[in-house]
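Undergrad: Based on these hints, arrange chains B and C on the given structure of chain A.
Next come the chains, spelled out residue by residue.
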Amino acid sequence: MTVKTEGIIKIDKELCTGCRRCTGVCPVDAIEGEKGQPQTINVERCVLCGQCVQICSAYASAFDEDIAPREQKMEERNMLPSVKEPLFASYYTGHAPTVKKVLVNNSLFTMVQCAPAVRVAIAEEFGMPLGSLTPGKMAAALKKLGFNRVYDTNFTADLTIMEEGNELIKRVTEGGVLPMFTSCCPAWVKFIEQDYPELIPHLSSCKSPQQMAGALFKTYGAQVDGVDAAKVYSVSVMPCVCKKFECERPEMKDSGYRDVDVAITTRELAQLIKDAGIDFNGLPEEEFDKPLGTYTGAGTIFGATGGVMEAALRTAYELITKQEIPDVNLKLVRGVEGVRTADVKVGDLTLKVAVVAGLKNVIPVLEAIKAGKADFHFIEVMTCPVGCVSGGGQPKVLIPDEQANAYTNRTCNTYVHDENMEYRKSHNNPEIKKIYEKFLVEDNIHHLLHTKYTPRR
Amino acid sequence: MNTKLNSFVVADPRKCIGCKACELACAVVHADSDGKTVGTVETPIMPRLFLVKTAEVTMPIQCRHCEDAPCANACPVDAISQVDNKILINTEACVGCKTCMMACPFGAMDLVPKYKDGQVVTQNGLMSETEDGLVEKEVMLAHKCDLCVDQPNGPACIRVCPEKALELIVPKQVKRKRNVEAATNFLDSVKNFFD
Amino acid sequence: MNTFVVANPNKCIGCKACEIACAVAHLGTSVATAGFIDAPFSPRISLVRAEMVTMPIQCRQCDDAPCANACPVAAIVNQDNKIVVKPELCIGCKTCIVACPFGAIDVVPRCQNGKEQMQMSLNVITKEGKENKEVMVAHKCDLCAGRLGGPACVEVCPGDAFTLVKPEVINDSIKNKRLSSALDIIGK
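Residue numbers (our numbering), protein chains in the order written: chain A, 1 to 457; chain B, 1 to 195; chain C, 1 to 188.
Hints in this document: simulated from the structure, not taken from any laboratory.
For glycine and all other residues, C-beta sits at the position ideal for the given N, C-alpha and C.
Hints may be right or wrong, so weigh each one.
Computed Cβ-Cβ distance ranges for the label pairs, DEER-style [stated by the list, open to error]:
hint: 1; chain 1: B; residue 1: Phe194; chain 2: A; residue 2: Ala404; range: 29 to 35 Å
hint: 2; chain 1: C; residue 1: Met52; chain 2: A; residue 2: Asp64; range: 20 to 26 Å
hint: 3; chain 1: A; residue 1: Gly335; chain 2: B; residue 2: Val120; range: 32 to 38 Å
hint: 4; chain 1: C; residue 1: Met1; chain 2: B; residue 2: Lys177; range: 24 to 30 Å
hint: 5; chain 1: C; residue 1: Ala50; chain 2: B; residue 2: Phe194; range: 16 to 22 Å
Here are the simulated BS3-like pairs of lysine-lysine, each with C-alpha atoms no more than 25 Å apart in a straight line [unchecked claim]:
hint: 6; chain 1: A; residue 1: Lys274; chain 2: A; residue 2: Lys253
hint: 7; chain 1: C; residue 1: Lys11; chain 2: B; residue 2: Lys191
hint: 8; chain 1: C; residue 1: Lys188; chain 2: B; residue 2: Lys191
hint: 9; chain 1: A; residue 1: Lys438; chain 2: A; residue 2: Lys253
hint: 10; chain 1: A; residue 1: Lys13; chain 2: B; residue 2: Lys86
hint: 11; chain 1: B; residue 1: Lys191; chain 2: C; residue 2: Lys130
hint: 12; chain 1: C; residue 1: Lys130; chain 2: B; residue 2: Lys86
Every beta carbon over 10 Å from chain C, so not counted as near; a handful from chain B, in silico [claimed, not checked]:
hint: 13; residue: Leu5
hint: 14; residue: Ala31
hint: 15; residue: Asp68
hint: 16; residue: Cys97
hint: 17; residue: Thr130
hint: 18; residue: Met140
hint: 19; residue: Val149
hint: 20; residue: Val190
For reference, chain A alone in the conformation it holds in the complex:
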């Protein structure tokens, strides 16, 4: 059974000029139409990466009397009526009004998680320089909005490293399917399900950090706060449009309820903050809530391409060799090239790893695997150009020249944040140690933190 993608990313026929700049960035050729005519999205092929939304410059003029009124379009797009920003032809369905309603519903206990990439971009929507690092203000804003618990995806990023690290070691030592691919990018997962379903066994069985967090919110989280899991409402804030699709996948209800009730983008969170009249720039720095809001530098670098790999290596090294890693900064997996490879010596084992950024760049790797010529143990794949910091749900840069600056600054500050964290390795996260002691026993782990995939061909 497939989840309908129709309705998540759409092209407004009234606004689309048929320039087809979107087709230049679509990694799966999902956009169809004649030059000069309004385009349509093939929902079967679309992986919801949202790069078309980022590049579209066909804006709706406020003075155009031949198009539907702005209020009508905003309603169609499910946007908060208070939003003033211009509308473009390519857009994603919104969920901010849903979150606004939920926040004033006193019978619900709301828990929120933000992806690592959100904290290096959200301030841009308030006029701060591109890439400004504002985790403290982000947490403060979420508290002011009224979320009961301000948790963080970075905690479950750390958790993903524990699970995925163990899974990798198991596959390497017990002859499991290799190379193993990361599975945190839902657009990449949908792509492999629809174009290379025979390679599904190569995907890590780990859920994404978003989905792990959702499952834990309504089990462990409900326990910690002594609330009825049925009353927990789970929200995620993502730099990504595809997370809206991921949270609605039918199998993602291992908590007994929908693990993540709604996913909004970085832009939508900024809109909620403005709608509530909160002065983001004037907010004091606040902390994330424990236990599910505590994270390490390894968790936060998930937002940049190579970050998942680096985080995994930091932990794999120490778990396998039982020694401290000589340099915690693994620059050999950082960078912006589409495919990076490295041989990493971990004790007696040489781990052959690869990092792919930009979904199109994974195709030669997949073909090599099919031909039996891919000599790798572990491969990180991110759909968006430089990883999640360049996601389809991130603040949309107005002037094309500045987009490169935005990506560079967001990436740079992701690593700055990592460098200043108290803990920089997932296995050292005290709340991670605690959750394994108190809650994550064998059955729970598999049930809540791992998943199965759906061939779509």
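TA: Here is chains B and C on its own, set in the frame of chain A:
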């Protein structure tokens, strides 16, 4: 006497894909905001160049900075002048009479509301009668390409066009280049006509 | 077909006598020496001195004149087998300059009876203050319409490089070439 001709920006209709990146960039660099993202935009997008998109042609149209600018000659309050080889509007003087819009043969002139700090600016005296009573009327100003006179990097539209369809025309240079090309190309015709 | 003047680059010596003759012929007053000229010197023909070629370029009086088609105010018209600018209609927008593939049209101050005309309203603002702007109009070869003796450039060229190409000149040329081609084919 200054016979240096005014430069202007013009698009190549063979290259234009109708994406409106030029309109967006134009509006953004002229708005009084430091924001770099869509989320920071709180006022309508008001470009000074206008995409024409029909079955026959797709290209933006903007001011030609005419030497005998009809808009300037038509303006009853002398709000339009030539400064440093650009035809510019002094918005303080503009009364919104729209004669310049009628005068311009290209349709390059528009009349738009004035915004400051994200809010529309209203007039001191003139009110509008509406169903809800008297309402302040926004200030309306003439508005056209100013060759990005206040921008450090020159015309924004040229920079952002993904197809490099926009070009700054320096008329005397274009003329001279064409002269040389015409003469060089003529060599081929010579022996088949004169001899 | 329209008539036009064109130079033979093999005969051109680059002396610019044509440019001078052109400017003088259009002054509207009679002048004998250079010292007499106090109006703007605006030839409608431009000498090109490039690496491979030296020759003057002037309007080709195109039958589908791009300048005329581009003009927003219909200031360029076909008149008596030539393409003519009507300066009283011209607004100096320069679109014709961009349109002309030869660079044969320019925009220059308008002179009547040796004096520059000034615009009604458009001022130029400089550091020194405000001053009226002169009227600028499009300007190109007009085949010296109204001049006794026809085109001045043709008359004055010391190398006899110009040809006044009337329709019959081209038509004869192509007839001859067709005949030559046929004869070549049969081996004659």
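Undergrad: Each hint needs a verdict: does it hold in this structure or not?
TA: Hints, verified against the model:
no. : hint                            : verdict
1   : Phe194/B - Ala404/A: 29 to 35 Å : violated, 56 Å
2   : Met52/C - Asp64/A: 20 to 26 Å   : violated, 52 Å
3   : Gly335/A - Val120/B: 32 to 38 Å : violated, 47 Å
4   : Met1/C - Lys177/B: 24 to 30 Å   : holds, 28 Å
5   : Ala50/C - Phe194/B: 16 to 22 Å  : holds, 19 Å
6   : Lys274/A - Lys253/A             : violated, 32 Å
7   : Lys11/C - Lys191/B              : holds, 12 Å
8   : Lys188/C - Lys191/B             : holds, 20 Å
9   : Lys438/A - Lys253/A             : holds, 22 Å
10  : Lys13/A - Lys86/B               : violated, 38 Å
11  : Lys191/B - Lys130/C             : violated, 55 Å
12  : Lys130/C - Lys86/B              : holds, 14 Å
13  : Leu5                            : violated, 6 Å
14  : Ala31                           : holds, 25 Å
15  : Asp68                           : violated, 4 Å
16  : Cys97                           : holds, 14 Å
17  : Thr130                          : holds, 36 Å
18  : Met140                          : holds, 21 Å
19  : Val149                          : holds, 13 Å
20  : Val190                          : violated, 6 Å
When each numbered hint is compared with the structure, violations occur for hints 1, 2, 3, 6, 10, 11, 13, 15, 20.
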